[in-house]
Amino acid sequence: MRTLSAVRRLLASWFGSGLVLRRLRGSDGGSGTLAAVVTFPFLLAISLLGWQVQLAVAVALASLAVWASHQFATELGDPGWVVVDEVAGLAVAMIGLRPVPAILALVVFRLADIQKRWFPGVYAAESLPAGWGVTADDVVAGLYGLAGGWAV
1 MRTLSAVRRL
11 LASWFGSGLV
21 LRRLRGSDGG
31 SGTLAAVVTF
41 PFLLAISLLG
51 WQVQLAVAVA
61 LASLAVWASH
71 QFATELGDPG
81 WVVVDEVAGL
91 AVAMIGLRPV
101 PAILALVVFR
111 LADIQKRWFP
121 GVYAAESLPA
131 GWGVTADDVV
141 AGLYGLAGGW
151 AV
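Quick note on this note's numbering: the sequence shown kicks off at 1 and runs consecutively.
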């Protein structure tokens with residue numbers, strides 16, 4: 001059971017990227033943005049495989065985010081170091097986009113995630129229980145990013 005918890009922590013922190021800012025400056029603030037920026041090139045490379053692969057990756061990452069964050073969300077709420085949900089939201093935001101619109105999608109996604117009350121549905125999605133709420137608000141914010149990217 002201890003190994004499973006360690007795996008959840010590794011994935012929830014997206015291989016430690018969610019822990020970097022806490023170590024550097026003692027605060028988790030900005031960890032979601034850091035994880036999204038670090039993951040952006042990987043998700044951009046996946047875009048070369050087509051939107052169907054991107055969609056499959058987004059669904060897989062969202063599922064992984066629910067599973068990995070569930071334990072921590074149950075125990076701690078939505079800890080700032082849990083960033084796998086931001087990775088899943090960014091994957092949604094980038095479906096079918098080329099590099100320049102994908103950059104805009106990243107910006108809109110992060111804005112929607114950070115300023116939840118400005119974007120209908122994002123704040124409401126966060127009220128779902130445990131890992132579902134941790135992940136759902138980022139998926140909804142990702143849809144805003146996707147719309148912004150496609151608008152370009």
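Just so you know, these hints were derived from the structure itself, not from any lab. Among the hints, a few may not be true.
[To be verified] Label-pair ranges, simulated between beta-carbon atoms:
| # | residue 1 | residue 2 | range |
| --- | --- | --- | --- |
| 1 | Arg2 | Gly96 | 38 to 48 angstroms |
| 2 | Ser127 | Trp67 | 14 to 24 angstroms |
| 3 | Leu55 | Leu24 | 32 to 42 angstroms |
Ideal Cβ placement from N, Cα and C applies to all residues, glycine included.
Checked hints:
no.	hint	in the structure
1	Arg2 with Gly96: 38 to 48 angstroms	41 angstroms, holds
2	Ser127 with Trp67: 14 to 24 angstroms	20 angstroms, holds
3	Leu55 with Leu24: 32 to 42 angstroms	35 angstroms, holds
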